[in-house]
Amino acid sequence: MRKKKRLFWYSFFGIIILMQVYPVTQPEVIQDNPNDLFITAKVPDNIAVMLKTACYDCHSNETIYPWYSYIAPVKWLVNRDTREGREELNFSDWASMSKMDQATALSDISDEVLEGDMPMKIYPIMHAEAKLSDEDRQAIADWADELTEALFD
Amino acid sequence: MKRTVTILIPALLFIFSMSYMFDAEKVDEPIGAVSSTAKLDIPDNIMVILDKSCMGCHNDESSSTKGKMKLNFDKFNNGKYSTGKQIAKLNGIVKTLEKGKMPPKKFKAKYPDRVLNEEQQKLLSDWAKAQANALAGE
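Protein chains in written order, with this note's numbering: chain A, 1 to 153; chain B, 1001 to 1138.
Don't read these hints as lab results, they were simulated from the structure. Misleading hints may appear alongside valid ones.
Stated by the list, open to error - For each label pair, taking beta carbons as the anchor points, the in silico distance ranges come out as:
(1) B:Asn1045 to A:Ile15: 51 to 57 Å
(2) A:Pro124 to B:Thr1006: 26 to 32 Å
(3) A:Lys42 to B:Thr1065: 21 to 27 Å
(4) A:Lys121 to B:Ala1011: 16 to 22 Å
(5) A:Glu146 to B:Ala1134: 34 to 40 Å
(6) B:Ala1109 to A:Glu84: 37 to 43 Å
(7) B:Lys1095 to A:Pro124: 42 to 48 Å
To be verified - Each computed DSBU-like pair below joins lysine-lysine, with the alpha-carbon atoms no more than 35 Å apart:
(8) A:Lys42 to B:Lys1068
(9) B:Lys1068 to A:Lys131
(10) B:Lys1068 to B:Lys1095
(11) B:Lys1110 to A:Lys121
(12) A:Lys131 to B:Lys1099
(13) A:Lys52 to B:Lys1110
(14) B:Lys1066 to A:Lys99
(15) A:Lys52 to A:Lys4
The beta carbon of each residue, even a glycine, is placed where N, CA and C say it ideally should be.
So here's chain A without its partners, still in its complex pose (with noise of 0.2 Å):
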């Protein structure tokens, strides 16, 4: 029985070890994004604070990686997210969108965000500081609305 319970171990630290050779790319964070939002854009300081702490380290360059993001296999799912936000939306890239992707882009914000799938519910586990009460929710996406009014005026 012993034997059996260290044999367990010793495979349960070998994998997890095993896990950490597993290349992966980790998404680049790139500091000057000359077409990021908060550059090219006008965006109120209530609003630009909840962007930054609540979506900017998946839809954005400026990723800050906590130190748990490099060890496997919680780095699989960091780097997997990071690459799949920016993918989505990258607010680095915020000027070198067409007016019609960036309306669809805030569409898409007030919705999620409005409806509770954004942030990431996995997300505020590990930064609390990016929760949002329903009212920080309301005004990015009466923010959001008001902007994609405003492009095609």
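Starting from the known structure of chain A, arrange chain B on it as the hints suggest.
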């Protein structure tokens, strides 16, 4: 106690990893024509495609919360979508079709005859693009 931990830790790790692999999405039964889209200019050939492959989820009565949140054709008609929102949604149709994300995999598996072929996708996409451009005054 120890035993619980030995089972619990790997189990949690496993569930945690697995939960990322499945994106559970409810697929609605397709329903009949929802012809309440007067404000959009929908020619017959487009209406046929929409009815067959889209309207089942993208309407007010849909039980797919996500489907109707993302796109709801009823809202084009009853004034719930502003002009900007309409443009955003129409362009969203173009982009979603481009990525091949709609109809969802589960729907396609369940209703193979409702899968959109290339020609239908292009028709739908060109129509949405034209509607969006018209609304944007371009």
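Comparing the hints with the structure gives:
Against the hinted window of 51 to 57 Å, the Cβ-Cβ separation of B:Asn1045 and A:Ile15 comes to about 55 Å, which satisfies the hint. Our hint of 26 to 32 Å for A:Pro124 and B:Thr1006 holds, since their Cβ atoms are close to 30 Å apart. Between A:Lys42 and B:Thr1065 the CB atoms are about 33 Å apart, so this pair departs from the stated range of 21 to 27 Å. Separated by about 20 Å at the C-beta atoms, A:Lys121 and B:Ala1011 satisfy the suggested range of 16 to 22 Å.
Between A:Glu146 and B:Ala1134 the Cβ separation comes to about 23 Å, which falls outside the hinted range of 34 to 40 Å. Here the CB-CB span from B:Ala1109 to A:Glu84 is close to 23 Å, at odds with the stated 37 to 43 Å. In this structure the hint that B:Lys1095 and A:Pro124 lie 42 to 48 Å apart at CB is violated, the actual value being about 28 Å. Between the alpha carbons of A:Lys42 and B:Lys1068 the distance comes to roughly 31 Å, so the proposed pair stays at or under 35 Å and holds.
A distance of roughly 25 Å separates the Cα atoms of B:Lys1068 and A:Lys131; the hinted pair therefore holds under the 35 Å criterion. With a C-alpha separation of about 17 Å, the suggested pair B:Lys1068 and B:Lys1095 falls inside the 35 Å cut-off, and the hint holds. At roughly 29 Å between alpha-carbon atoms, B:Lys1110 and A:Lys121 fall within 35 Å of each other, so this suggested pair holds. Proximity of A:Lys131 to B:Lys1099 is assessed by CA-CA distance (about 31 Å); at most 35 Å being required, the pair is judged to hold.
Of the pairs offered as hints, the one joining A:Lys52 and B:Lys1110 is violated, with about 41 Å between alpha carbons and a cut-off of 35 Å exceeded. Between B:Lys1066 and A:Lys99 the alpha-carbon distance is near 25 Å, which keeps this suggested pair within the 35 Å criterion. A distance of roughly 49 Å separates the Cα atoms of A:Lys52 and A:Lys4; the hinted pair therefore is violated under the 35 Å criterion.
Comparing the model with each numbered hint stated earlier shows that hints 3, 5, 6, 7, 13, 15 do not hold.
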